[in-house]
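J.: Chains as they are written, first to last, in this note's numbering: chain A, 30 to 240; chain B, 2 to 317.
In case anyone wonders, no lab produced these hints; they're calculated from the structure. Quick reminder that beta carbons are idealized off the backbone N, C-alpha and C, glycines included. Any given hint could turn out to be false.
To be verified - If the Cβ cut is set under 10 Å, some of the chain B residues that face chain A in the computed set are:
| hint | residue |
| --- | --- |
| 1 | 3 |
| 2 | 12 |
| 3 | 22 |
| 4 | 23 |
| 5 | 31 |
| 6 | 40 |
| 7 | 48 |
| 8 | 100 |
| 9 | 106 |
| 10 | 270 |
| 11 | 271 |
| 12 | 275 |
| 13 | 303 |
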Amino acid sequence: MSPPIRFEMRRRTFLVGTASAVVAANIPWRANAQPTSLAGPERSTFTLVVNGEPRELAVDNRTTLLDALREHLQLTGTKKGCDHGQCGACTVNVNGERINSCLSLAVMHQGDEVTTIEGLGTPQQLDPMQQAFFDHDGFQCGYCTPGQICSAKAVLEEIRDNVPSHVTQDLTARIEATDEEIRERMSGNICRCGAYANILEAIHQAAGEPT
Amino acid sequence: MRAFSYERVSAPAQAASRAAEVPGAKFIAGGTNLLDLMKLEIETPVHLIDVSGTGLDSISDTREGGLRIGALVSNTDLAANERVRREYGVLTRALMAGASGQLRNKATTAGNLLQRTRCPYFYDTAMPCNKRAPGTGCAALGQGAFSRQLGIIGTSDACIATHPSDMAVALRVLDAEVETVTPAGASRTIPLDEFYRLPGDTPEIETALMPGEFITAVKLPPPVGGRQAYYKVRDRASYAFALVSVALVRQSDGSGRVALGGVAPQPWRRAQADAALPDGANAVMSRLLDGASPTEENAFKIQLAERTLAGMLAEG
Ligand SMILES: Cc1cc2nc3c(=O)[nH]c(=O)nc-3n(C[C@H](O)[C@H](O)[C@H](O)COP(=O)(O)OP(=O)(O)OC[C@H]3O[C@@H](n4cnc5c(N)ncnc54)[C@H](O)[C@@H]3O)c2cc1C
Ligand code: SF4
Ligand code: FES
Ligand code: FES
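In isolation and in its complexed conformation, chain B is listed as follows (with noise of 0.2 Å):
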């Protein structure tokens, strides 16, 4: 690990501003993957702006009569939050889908946003990586590189990493929004659907932050109800990241929401294929992974996807 400077602040507003006036300097909240990371030299930052002091840890009711969850609160608070489990249960089952529970207990929710792909060559700074360091090439399109857990859509040749987290892809189905302050204390709203960029030729660049800028909060929308549940597909029962993950929102005329986790480098949601859902999973995934571009590796996700959601609405 590369030796840092260390500070902590107590405000939102303190923390952008510390963000963008000192160089190399980046936040720290749980440390559960920044510090993870750290280790391996693949974030270098000469600077930590330690967040845990700004009390952004509640969840409280939004005048709309929806949830406005502060984005230090941990994986496991909000995924026990009375609230959450009983209306919007398709998050608490994301979140306690995700890691472990001593790691639930540090995650935060802006933390879990931020947390960075899986990919192995990500990780392996031996390897060419696009996305650790622009420009030396992709090291998961490399002839017989292994690319099994990695992405089929909304990839590029740049990248075809994943995003990991869970919880995001629950958020993704309720139409979360992210409520962030700038270096220059403003503070604005980005919806989650516009908050997670394609890699494209970019794929360094993973979100719609600017530079600095901090999250304080992320909002959801009044309560949808419907039928909530979340179906993760991985190599083990638990403490495993997803190979496939269908977040599903489900009223009682059949229609309703679907996103997908491990299959893209966001959450996978699109309109038409909402759309389709009363007409069965194929409906769906005919359209939510229309104009996929697995490796051979990773093409079985397409059908693990179908036969996922399938099998969720079998269920009823």
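Just chain A, same shape as in the assembly (with noise of 0.2 Å):
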């Protein structure tokens, strides 16, 4: 018999607060924490070489990667889902990466090379992935959709990096492309429609051609 792991219930506490009292007493903490006057200017000037042009903006410093290219160089073709980090519909490629452009300030990217969907291909020469992703009925409102294609571009360069994964059982050994290593890799990538069985199958038939 093994022995029982000693512990006691914590106790429940009766709360006082309610939200707005909560909020009265967060005014003095706050004031203390913080200056009313900026060290420096609230705006930022600085380029971004997005699609392989660069492009100046001069913004307030608040500005995401993903709100300077939608609000501010009209891109509309990378999507805000969730705006936290918790969708994947923002995601766009930046120097060679995927991250997901809602959860980064754009005034970090000054000289930074980004990639969109609008910058794979176009309606006559559709790139690979693009192109699979029609093949394969890959999506149904197609919100979701440019973020799926531009992860999944990333997806497929981290396997032929062999960059793990979560679901990598040998650690050494080099890695394939299969539909549960594409599956893990793709999880930061929501589909409310849940095309996702369609994206695995147009993934896989991107994969198949030379890149």
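Join these two chains into a complex; the hints should help.
T.: Pasting the structure below:
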């Protein structure tokens, strides 16, 4: 018989504070931590290289890379789903790596090379990954699709570069683009329509094409 | 989000001295946690010091045969590093169990260590929270509160939040050290077991870092060998925080080390629990979780931790 692990239930506390009392209590604390004047300008001017073209921006420092692309450069292919890193709709490629553009400040990307869905292919000449999503119906409403495609291209590169994943069995062996590997690596891209099965097929098709 | 001014620094000592000079300043590295919290006005820095140009993005061998991981090395690059995957496998496994591919490309080593709790009431600015707004109370301990994800040990009446990092659990089992530079320009080394403070009455103070102190690297001692594993139990198979996670290093004679994630305000490891490893999961957990104080909603974590370790030990 194994001994039980000794523990004691923590008691609930009675909360006196209501939300409004808390807000009031919040104010002096915030005021302490919050100097009123800024140490410098609240706007910045810098250049991003977007889809191969240098683009100058003069924006509020708060502007995310996602909002810079959509609101300032009118590149609305990149989508905003959650704005908190939880859905992947905003996935773009920066200096060769996929990132969530909603959780990155534009001002931190001075001189960076950004590739969005608009930079991958044209309606006349689709990128092989775009063609594969088309061939396999890898979408329904299409909202998550630009992020899925940008992510999927990076996934195949990561597998080629032998970057391990959560499901990689042997960390020292060559990694293959199996269903399990692709699914795990695509878990940062949520599809509310549930087009996952076809997205997987599309990525397999693109994986078979020479790059 | 509140307005802020912005500067980019090029050297670690400069980062630390600027942080001490400018009131309300914060460092930003990958930005994946800080920016998220700034959008919700949980963090309200008036000045951001962009440290991504400080050149701390390489991994090198130490003279002692260990590894020095620059503070800005991304979670992806750290997990994929040849030496890490061969000799510190538990670290690769823990990193790859966290977040998503996109996030790991941006997340840095120092930023991951300093990411803040995922307690739902910490995120909800309409609710009392001693960590976010000291002295307001802890909503997670209120009647009917949702505390399923929260801590069971090392917690206090003021705060029962957990530290959410997977990476830190592996670093704890590997006896990592955090290397810093202070605003005065001095460097110091903090063992990871002294890095995270327990909440006590001041849950808003989370680490041993002094104001403005800047992390330059994480150091690993020479490899300990053994079989290394990280098992994370969560509500979905990927892209979710741990309910419970176990980092394990096991030698062929049955001895080894164990640390838990998802249960405490710091990666949870105890020497006497390590010593009980040859006697099995129950022996380990009765030492590691002795004196736990769970809520009714999260008491299941005790058994879950034991069963998770038992499963890992059964796999050999
Ligand atoms: C949807 C989502 C899911 C996630 N899932 C997981 C998960 O399952 N497991 C997990 O472990 N993590 C998870 N994360 C968290 C993620 O790992 C962290 O956001 C990331 O590691 C933070 O690193 P960063 O470089 O972006 O930090 P930043 O956001 O740049 O900074 C975080 C903090 O660290 C400070 N800081 C940064 N660098 C230094 C330095 N050198 N010295 C001193 N202070 C510094 C900053 O001032 C800030 O306070 C998730 C995040 C998201 C958004
Ligand atoms: S557990 Fe901690 S973080 Fe959560 S509400 Fe209570 S004080 Fe805040
Ligand atoms: S919009 Fe960026 S991850 Fe959802
Ligand atoms: S196709 Fe509609 S969200 Fe994915």
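J.: Each of the hints needs a verdict: does it hold here or not?
T.: Evaluation of the provided hints:
no. : hint : in the structure
1   : 3    : holds (8 Å)
2   : 12   : violated (17 Å)
3   : 22   : holds (9 Å)
4   : 23   : holds (5 Å)
5   : 31   : holds (8 Å)
6   : 40   : holds (7 Å)
7   : 48   : holds (5 Å)
8   : 100  : holds (8 Å)
9   : 106  : holds (4 Å)
10  : 270  : violated (16 Å)
11  : 271  : violated (13 Å)
12  : 275  : violated (16 Å)
13  : 303  : holds (5 Å)
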